[in-house]
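Just so you know, the protein sequences line up as chains A and B, in that order.
Counting with this note's numbering, you get residues 289 to 475 for the letters of the first sequence.
Counting with this note's numbering, you get residues 294 to 545 for the letters of the second sequence.
Calculated from the structure, these hints are not laboratory results.
Computed from a predicted structure; not experimentally measured.
Please note: incorrect hints may appear among the correct ones.
[Claimed, not checked] Here are the simulated DSS-like cross-link-like pairs (lysine-lysine), alpha carbons at most 25 angstroms apart as the crow flies: (1) K359(B) - K341(A); (2) K344(A) - K359(B); (3) K298(A) - K344(A); (4) K435(B) - K344(A); (5) K341(A) - K298(A).
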Amino acid sequence: MNSRWVAARKEEMNRAFFEQLAMPLFDQLYNHACWLTGHRADAEDLVQETYAKALKGFASFSEGTNLRAWMFRILRNTFLNSRSGLAAQMTDFLEDCEGSVEEAVSHEITPERILIRTENQEAIFAALESLPVPHREVILLCDVDEMSYREIAHVLDVPVGTVMSRLSRARASLRSALGAKLKEEVK
Amino acid sequence: MPCTQDRAMLEAYLDSEIAEDQERALQQHLRTCPDCAAEIAAMVSLRRTMRPAASRFMPSDKFRQKVRSQIGTQISMRRGLRMNWLWPVTTAMLAVMIVAVVWTRQSALRSETFREVTDLHISDLASANPYDVVSSDRHTVKPWFQGRIPFAFNLPEFGGSEFTLLGGRVVYVHQQPAAQVVVAAGRHRISVLIVQESSATGTVIPLSEGVAVRDSFNVETWGRNGLRFYVIGDADQGAIHRLAGALQGVNG
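Given the sequences, and given the hints that come with them, work out the whole structure.
Rendered as structure tokens:
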């Protein structure tokens with residue numbers, strides 16, 4: 289048994305192990321990629337590249353850490369470096385004053401509350417699509433992929449406190465986008 | 294006096310990301326503050342509406358195969374002959390993985406059902422006028438559901454017990470009509486949700502039996518005669534269990 293043969297077997301096992309762990313995340317990563325890019329073809333490229341990079345880096349992935357957050361992080365970084373990701377960063381100016389948001393609960397029956405009450409899914413999806421990427425992704429990670437703040441912090445590479453404030457700001461902008469939509473419909 | 298509650302705090306509460314004592318304080322606050330209660334109700338329905346976003350885009354089988362073959366065990370196909378010893382190992386590993394995946398799926402489904410049930414209970418807590426039928430008389434509440442839901446159930450006599458019947462409404466769990474009956478135990482509100490165990494397609498909502506804790510609520514669930522019961526509330530486990538026992542007694 290020479291060492292090259294052993295190394296090849298080890299690589300083999302690694303691949304099989306990676307496939308078994310990472311493929312169950314496929315649908316989720318693909319869905320997230322579609323929401324990020326807005327195009328199925330771009331999403332496919334993104335997912336494919338993510339799996340290739342993750343396989344390459346799998347040796348460095350330490351067991352016990354969260355594979356899902358790790359894969360989402362690779363997907364995100366790949367997206368940000370892609371053409372559509374760079375374009376999104378150019379247009380989506382995000383002033384993220386990383387302090388806490390001390391926004392008190394509003395007391396009025398706001399129009400978006402009415403729209404939310406009617407659970408108008410199409411309007412909510414359209415509003416979500418209209419958000420800048422940093423807001424869209426944090427809402428998706430939390431409400432759709434149901435990650436904890438800690439997992440999200442790992443994906444976005446920011447402190448947990450930033451996750452909380454960014455989420456709050458993102459949800460507020462989702463709701464004002466919904467409100468704007470409602471006004472358009474009324475007109 | 295206008296409420297100065299921080300909105301981010303309410304969100305963190307719904308995300309189950311605040312400490313237990315803060316959570317308890319906030320629950321108390323929600324009972325007395327209609328503004329925050331309305332806000333929570335709006336947040337809950339926004340989340341419910343957003344949930345289908347998780348499966349909006351599905352990859353094609355062709356693409357899945359493409360990535361699988363790219364990362365997968367192509368090499369072992371090529372070098373298959375030399376790899377005989379690897380097969381039992383991979384098979385065993387695969388078996389373990391499949392069990393793990395199935396178990397994860399099951400628990401994900403289970404946790405989604407729990408989430409729905411919890412959301413319904415929270416939206417009841419948060420709503421100022423949460424019932425479609427308001428009565429403390431079981432002989433009023435039970436017949437009200439007739440014709441509104443496709444099944445029948447019995448309510449125990451609450452007179453003389455620690456529980457008071459508050460009312461009921463029709464809700465949806467997993468797109469199926471369900472009866473929600475709300476009962477007070479002292480200052481705590483407890484929701485009883487009853488849904489048909491199997492839909493037309495024969496799916497069963499998978500949940501383990503017994504009292505569990507979910508988002509700091511105590512939940513007890515059981516199935517009987519094709520119906521699935523959930524008892525959920527912030528009352529202590531004993532009270533939840535006694536109410537569950539009373540319901541089991543009359544729905545035997």
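Cross-check of the supplied hints:
Taken as a hint, the K359(B) and K341(A) pair is honoured in the structure, with Cα atoms around 15 angstroms apart against an allowance of 25 angstroms. Annotation: proposed proximity of K344(A) to K359(B) holds, straight-line Cα distance about 17 angstroms (limit 25 angstroms). Taking the CA atoms of K298(A) and K344(A), the gap is about 14 angstroms. The hint holds against a cut of 25 angstroms. Of the pairs offered as hints, the one joining K435(B) and K344(A) is violated, with about 61 angstroms between alpha carbons and a cut-off of 25 angstroms exceeded.
Taking the CA atoms of K341(A) and K298(A), the gap is about 18 angstroms. The hint holds against a cut of 25 angstroms.
In the structure shown, a violation is registered for the earlier hint numbered 4 alone.
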